[in-house]
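There are 2 protein chains.
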Amino acid sequence: MSTLGHPSNVFWHQCTVGKAEREKLLNQQGCIVWITGLSGSGKSTLACTLGRELHSRGKLSYILDGDNVRHGLNKNLGFSPEDRTENIRRVGEVAKLFADAGLICITSLISPYRKDRDACRAMLPDAFVEVFMNIPIEVCEGRDPKGLYKLARAGKIKGFTGIDDPYEPPLNCEIELQLKEGACPTPNEMAGQVVSYLEGRGFLQTL
Amino acid sequence: MSTLGHPSNVFWHQCTVGKAEREKLLNQQGCIVWITGLSGSGKSTLACTLGRELHSRGKLSYILDGDNVRHGLNKNLGFSPEDRTENIRRVGEVAKLFADAGLICITSLISPYRKDRDACRAMLPDAFVEVFMNIPIEVCEGRDPKGLYKLARAGKIKGFTGIDDPYEPPLNCEIELQLKEGACPTPNEMAGQVVSYLEGRGFLQTL
Numbered sequence: 001m002s003t004l005g006h007p008s009n010v011f012w013h014q015c016t017v018g019k020a021e022r023e024k025l026l027n028q029q030g031c032i033v034w035i036t037g038l039s040g041s042g043k044s045t046l047a048c049t050l051g052r053e054l055h056s057r058g059k060l061s062y063i064l065d066g067d068n069v070r071h072g073l074n075k076n077l078g079f080s081p082e083d084r085t086e087n088i089r090r091v092g093e094v095a096k097l098f099a100d101a102g103l104i105c106i107t108s109l110i111s112p113y114r115k116d117r118d119a120c121r122a123m124l125p126d127a128f129v130e131v132f133m134n135i136p137i138e139v140c141e142g143r144d145p146k147g148l149y150k151l152a153r154a155g156k157i158k159g160f161t162g163i164d165d166p167y168e169p170p171l172n173c174e175i176e177l178q179l180k181e182g183a184c185p186t187p188n189e190m191a192g193q194v195v196s197y198l199e200g201r202g203f204l205q206t207l
Numbered sequence: 001m002s003t004l005g006h007p008s009n010v011f012w013h014q015c016t017v018g019k020a021e022r023e024k025l026l027n028q029q030g031c032i033v034w035i036t037g038l039s040g041s042g043k044s045t046l047a048c049t050l051g052r053e054l055h056s057r058g059k060l061s062y063i064l065d066g067d068n069v070r071h072g073l074n075k076n077l078g079f080s081p082e083d084r085t086e087n088i089r090r091v092g093e094v095a096k097l098f099a100d101a102g103l104i105c106i107t108s109l110i111s112p113y114r115k116d117r118d119a120c121r122a123m124l125p126d127a128f129v130e131v132f133m134n135i136p137i138e139v140c141e142g143r144d145p146k147g148l149y150k151l152a153r154a155g156k157i158k159g160f161t162g163i164d165d166p167y168e169p170p171l172n173c174e175i176e177l178q179l180k181e182g183a184c185p186t187p188n189e190m191a192g193q194v195v196s197y198l199e200g201r202g203f204l205q206t207l
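Residue numbers (my numbering), protein chains in the order written: chain A, 1 to 207; chain B, 1 to 207.
A hint or two may mislead.
Treat identical chains as interchangeable: a pair holds within one or across any two.
Derived pair list, reagent style DSSO-like, types lysine-lysine, alpha-carbon separation capped at 27 Å [as the list claims (entries may be wrong)]:
#  : residue 1 : residue 2
1  : Lys-146   : Lys-19
2  : Lys-146   : Lys-75
3  : Lys-59    : Lys-146
4  : Lys-96    : Lys-156
5  : Lys-19    : Lys-75
6  : Lys-75    : Lys-156
7  : Lys-180   : Lys-75
8  : Lys-150   : Lys-19
9  : Lys-96    : Lys-158
10 : Lys-59    : Lys-19
11 : Lys-59    : Lys-24
12 : Lys-146   : Lys-156
13 : Lys-24    : Lys-180
14 : Lys-156   : Lys-24
15 : Lys-24    : Lys-96
16 : Lys-24    : Lys-146
17 : Lys-19    : Lys-158
18 : Lys-75    : Lys-24
19 : Lys-146   : Lys-180
20 : Lys-158   : Lys-146
21 : Lys-115   : Lys-158
I should point out that these hints are in silico values taken from the structure, not numbers from a laboratory.
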């Protein structure tokens with residue numbers, strides 16, 4: 001199968017391996033699963049469970065987590081409105097590169113503003129799957145896994161989404177996860193809903 | 001193989017799919033192949049040929065090209081010294097994410113300053129393969145595929161690497177590509193040298 005040592009006229013367009021070829025190698029289609037919702041709504045849990053489930057099916061995914069990216073690529077950004085927008089933009093651009101590489105790129109960021117999310121959607125409109133964690137703030141605040149709501153209520157964090165900064169829910173998201181009869185869906189139920197969607201759209205195989 | 005629907009206590013550490021698991025899926029080890037050299041030295045040609053050769057062996061790679069990244073992730077950067085450094089830093093951070101995802105990430109940027117390249121190396125010291133295109137500037141300028149040397153000589157581009165801005169050659173690169181008896185190596189010869197190196201280091205399989 002190797003092409004080395006075979007003399008040939010190498011043209012740039014022949015030379016470059018394209019997205020479709022990478023997807024064929026992986027037997028999947030590159031896309032972005034953009035998880036949005038309040039702090040404590042379960043974004044990271046869904047991202048991890050979804051990644052695990054996809055892996056068990058032999059699919060390659062990668063999680064871009066808001067907190068983690070801020071330690072590397074976005075470590076020179078703060079929390080001003082401009083920096084928040086730039087934070088989302090860079091994650092969107094990187095997610096697009098991962099999708100182009102053939103991966104199922106899962107992003108996990110609050111991403112509270114519709115215009116920032118829509119700008120990311122516009123980067124890859126045919127393969128952008130927006131997942132809205134529609135969990136009431138009372139539930140999220142009750143969990144408060146990082147203790148941030150407590151700090152925000154005490155006025156020690158300013159501009160906290162849901163407290164003194166708005167969360168703008170998606171208007172046309174692909175998937176909405178919400179309470180059923182007052183109970184939160186389990187991580188496996190949430191991941192299952194996303195996997196079913198991806199399967200239905202054909203992202204888990206090549207044509 | 002699916003874990004969905006199997007009731008279990010899900011712990012975060014069990015849940016997250018790690019680098020080693022992705023590498024096992026791909027039967028390769030994530031790494032960064034950092035190609036550096038003058039404009040016209042053949043960086044893009046090597047990147048493409050290497051990507052093609054790896055693909056023919058069933059390996060997943062992805063090319064981060066300086067010009068392309070400047071149209072997306074780095075489109076808000078110019079060519080000031082600070083912006084050039086930030087350009088390289090972001091590419092390094094993204095390459096690190098790709099390597100963490102299990103891919104062989106090939107970067108193709110002039111990256112003329114040693115400190116910028118070394119900062120990227122420091123992000124992933126055990127899996128950073130620096131490839132120096134040691135092609136004399138006369139050869140690069142003779143090719144001048146983008147007509148940039150001509151513009152630089154005419155003073156229409158300022159701060160052009162090799163003309164009025166320095167190129168700092170690597171001191172301890174993993175691979176150096178150079179003329180043999182006055183002749184440039186072919187793209188296949190160059191790619192072959194890199195593939196042999198990756199093979200020798202064990203990156204083309206998992207343990």
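Intra/inter-copy verdict for Lys-146 and Lys-19 if alpha-carbon distance must be at most 27 Å: between (39 Å within a copy, 25 Å between copies)
Identical-chain pair category, Lys-96 with Lys-156, by Cα at 27 Å: Cα proximity of Lys-96 and Lys-156: none, with 35 Å in one copy and 34 Å across.
27 Å Cα threshold - placement of Lys-75 relative to Lys-180: neither (38 Å within a copy, 44 Å between copies)
Homomeric proximity label, Lys-24 with Lys-96: Cα distance no greater than 27 Å: both (18 Å within a copy, 24 Å between copies)
Intra- versus inter-subunit Cα pairing at 27 Å for Lys-59 with Lys-24: Both: 12 Å inside a chain and 12 Å across chains, each within 27 Å.
Copy assignment of Lys-150 with Lys-19, given that the CA separation must stay at most 27 Å: neither (45 Å within a copy, 34 Å between copies)
Lys-115 and Lys-158: within-copy, between-copy, both or neither at 27 Å Cα: within (21 Å within a copy, 38 Å between copies)
Intra- versus inter-subunit Cα pairing at 27 Å for Lys-75 with Lys-156: within (22 Å within a copy, 35 Å between copies)
Same-copy or cross-copy closeness of Lys-59 to Lys-19 [CA-CA at most 27 Å]: both (16 Å within a copy, 14 Å between copies)
Up to 27 Å CA-CA - Lys-146 versus Lys-158, copy category: Answer is within: at 16 Å inside a copy they meet the 27 Å cutoff, but 50 Å across does not.
Intra- versus inter-copy proximity for Lys-146 and Lys-59 (alpha-carbon distance at most 27 Å): Close neither inside one copy (31 Å) nor across copies (40 Å); limit 27 Å.
Status of Lys-180 relative to Lys-146 across identical chains (alpha carbons, at most 27 Å): For Lys-146 and Lys-180, only the intra-copy Cα distance (25 Å) is at most 27 Å; the inter-copy one is 60 Å.
Of the numbered hints stated above, those contradicted by the structure are hints 3, 4, 7, 8, 9, 13, 14, 16, 17, 18, listed in ascending order.
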